[in-house]
Amino acid sequence: MNEDKFIQVNNLEKTYENGYQAIKSVSFSVKKGDLVCLLGPSGCGKTTTLNMIAGLLNPTGGDIIVNGKSLLNVAPKDRNIGYVFQNYALYPHMTVLQNVMFPMTVGKNKKPKDEAEKIAQKFMKLTHIEELADQKPGNLSGGQQQRVSIARALVQEPQILLMDEPLSNLDARLRLKIREEIRNLVKEVGITTLFVTHDQEEALSIGDKIILFHNGVIQQDDKGQDLYLEPNNQFVANFIGNPVIDNFDVKVTDKKISGTDFEIPVEKLDSTKFRGDLADGDYTLSIRPENLKLSDEGELSEVIDDVELIGRERVLKFTHAGTNQRALIDLEQEIKPGDSVKFKMNLDRVYLFKPDGERIY
Amino acid sequence: MKKKKLRWGMIFVYLFIGIFGIITVFPFIYMILGGLMSYQETTTIPPTLIPKTLRWSNYQKVFEQAPFARYFLNTFITAATTTIVTLFTSILGAFAMTNLKFKGKGFIQLIFLSLLMVPGEAIIFTNYNTIAHLGLLNTYLGLVLPFLTSIFYMYYLQSYFTAISPTIYKAAMIDGASDWEYIWKILVPMSKGGLITVALLSFISGWNSFLWPLLVTNEDKMRLLNNGLAAFASDAGAQTQLQLAAATLTVVPVLIVYFIFRKQIIRGVVRNDLKA
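Just so you know, the sequences run in chain order A and B.
Residue 1 is where the first sequence starts when you use the UniProt record's numbering, and the numbers rise one by one after that.
Residue 1 is where the second sequence starts when you use the UniProt record's numbering, and the numbers rise one by one after that.
Hint data in this document are derived by calculation from the structure and do not stem from the laboratory.
This structure is a prediction, so every number in the text was calculated from the model and none was measured.
A few of these clues could be false.
Some but not every residue of chain B turned toward chain A, in silico, with C-beta under 10 Å [said to hold, decoys possible]:
(1) E41
(2) T43
(3) P47
(4) A171
Simulated crosslink set (BS3-like; lysine-lysine; CA at most 30 Å straight-line) [to be verified]:
(5) A:K136 to A:K32
(6) A:K209 to A:K32
(7) B:K221 to A:K110
(8) A:K118 to B:K170
(9) B:K170 to A:K125
Cβ-to-Cβ under 10 Å is the rule here; a few derived chain A residues that face chain B [what the hints assert, rightly or not]:
(10) A54
(11) G55
(12) K77
(13) N80
(14) Y91
(15) K113
(16) L162
(17) Y228
(18) L229
(19) K268
(20) L278
(21) A279
Quick reminder that beta carbons are idealized off the backbone N, C-alpha and C, glycines included.
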């Protein structure tokens, strides 16, 4: 078995009976012990992919191989996976202890009661819910319920752990806390984990790697920082980053990139970073807000519409050629709405995308 | 001014409820009282309400004149059997309709729904023929066989089962539970209210059944309470006081069941146990 390809998903497809193609030939692999985030907007196919790995949905094409064995014809109960549901899916009529013990009281993995209780206690300790053993799920807070459901998922010591938006029902502060706990826990247990989320910040903070989905296709499968710094296409550039990336419509003619009220000679760009020939035509020039610097020699002359404080930075909002754009500057630089300023683009950090979204620079 | 209006309204409401309460309960109370009267008292005009002396001996006579103990036993056996088996088949059917995916499910559901609209009386003679051909007249099996499944109860339970989040079923699957284990360890305990309601309804309708047992039994030892009660009119002559005493006897078990399960009955109607 190849440790680097502990989970292998090959050309996975899912077409529903009504003809809707939710997943279009998705392939990726996951290293043993890694925590990988499946990220994307709602309806992008990330949960569908997770459910196919769990066996809750049948793929219409492709294969799923875990630890060298195809899972396709294996029933969910025999796949040896743990699954944490978005709404926790705890059994309301059972106590916390009974919930955590449940996987060891049914099916092939039935264990004697004492042994099951001992194992359950161990995982309840790990997730800090020992004192809740006799409570019913209805009396627990969201965070506590989530811990119970994680303990229940881990109790069979599955080969992979699947988590479907496990934090989305929690409030903001708790989300930060639990996501840290989850990362520490899965690393401590050493279990290979797939974590579905639509929250990029969550994915960037806990994922060893992020697989970004859109329209049933993987857009990019990379480390978090690469997703941010080297987006594969326009969608990735737009999706990752907060505040969102600035996009300018530009035309390339005679080795010049010209937008509304600004012009950049192509030779100023790093020629090694081109991914193809820059033919004349329409493009989108994208730049992250922090790469627009206040400077008297700037290419962009703008009037600030609005200023927003986010912690130690200021977001300057302005309108360029009818579209809203943003720049991120230090808190110390005092700019008020209505001020006229000039921005200089950090040309090492601009991207050029073709109209179909493909990145050319 | 407004307060006064409200009070008059309330008085009217209570009066209304009171009158209907009396109308509902009166025959019942009269049945109990009449069972303790003498024959003359039950037949005089104007009618007697309170018997002069309580004649408990009426009950003794009832047991002497007809094999009521046997009727009780028969009725209990048939009602209990139909209840247990109906619960079992309805649980399995409702589970399949809720959680399983199979070919022709929609079609089967359509057939079930249309069968639901056929009144039992419409098929009672074909059922009779079937039971007669099977040679099951005057047997317990013949008494219960047509009532061992119920589309209505299945649908009723289905409404409980569908209220349980489908992720609970998925979670159980991933936890390694088979469908069988899911049904008995999760579905059934989570739908207690609905199951008790079905059990009660089934038991009571089994206890009160009249037409079917009348058709498929003609031996005295196989009769059920209600048939026995009807036959009692001729067996005991026109002894109204004995008829009323016998009628009281037949409703007592149902009353006991109601009394024991009154909390669950109310819960079954309100269905607050599904909030989880």
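Taking the hints in turn, this is what the structure says about them:
The beta carbon of E41 of chain B comes no nearer than 54 Å to any beta carbon in chain A, farther than 10 Å, and the hint placing it at the interface is violated. A least Cβ separation of about 56 Å between T43 of chain B and chain A goes past the 10 Å threshold, and the interface hint is therefore violated. Interface hint status for P47 of chain B: violated, as the beta-carbon distance to the closest one in chain A is roughly 53 Å, over 10 Å. At a threshold of 10 Å, the smallest CB-CB gap from A171 of chain B to chain A is about 4 Å, leaving the interface hint in force.
Simply put, K136 of chain A and K32 of chain A have alpha-carbon atoms about 35 Å apart, too far for the 30 Å limit, and the pair is violated. Distance restraint check for K209 of chain A and K32 of chain A: the Cα-Cα separation of roughly 12 Å lies within the 30 Å cut-off, and the hinted pair is therefore satisfied. This hinted pair does not check out: K221 of chain B and K110 of chain A have alpha carbons roughly 50 Å apart, beyond 30 Å. At roughly 25 Å between alpha-carbon atoms, K118 of chain A and K170 of chain B fall within 30 Å of each other, so this suggested pair holds.
Among the hinted pairs, K170 of chain B with K125 of chain A is consistent with the structure: their alpha-carbon atoms are about 26 Å apart, no more than 30 Å. Satisfaction of the interface hint for A54 of chain A is found here, the shortest Cβ-Cβ separation to chain B being roughly 6 Å, below the 10 Å cut-off. Interface hint status for G55 of chain A: upheld, as the beta-carbon distance to the closest one in chain B is roughly 8 Å, under 10 Å. This hint holds: K77 of chain A has a C-beta 4 Å from the nearest C-beta of chain B, less than the 10 Å allowed.
Given the 10 Å rule on beta carbons, the hint for N80 of chain A holds: about 9 Å separates it from the nearest Cβ of chain B. Among the interface hints, the one on Y91 of chain A holds; its C-beta lies about 6 Å from the nearest C-beta in chain B, closer than the 10 Å criterion. Because the beta carbon of K113 of chain A sits about 14 Å from the nearest beta carbon in chain B, more than 10 Å, this interface hint is broken. This hint holds: L162 of chain A has a C-beta 9 Å from the nearest C-beta of chain B, less than the 10 Å allowed.
Restraint check, Y228 of chain A versus chain B: the minimum CB separation of about 33 Å is more than 10 Å; hint violated. Nearest Cβ of chain B to the Cβ of L229 of chain A: about 37 Å, over the 10 Å cut. The hint is violated. With 10 Å as the threshold, the beta carbon of K268 of chain A stays out of range of chain B, its nearest partner Cβ sitting at about 55 Å, so the hint is violated. Evaluation of the L278 of chain A hint against chain B yields a violated restraint, the C-beta minimum of about 50 Å exceeding 10 Å.
Interface hint at A279 of chain A: violated, since its Cβ lies 50 Å from the closest Cβ of chain B, which is beyond the 10 Å cut-off.
Consistency note: the structure conflicts with the earlier hints numbered 1, 2, 3, 5, 7, 15, 17, 18, 19, 20 and 21.
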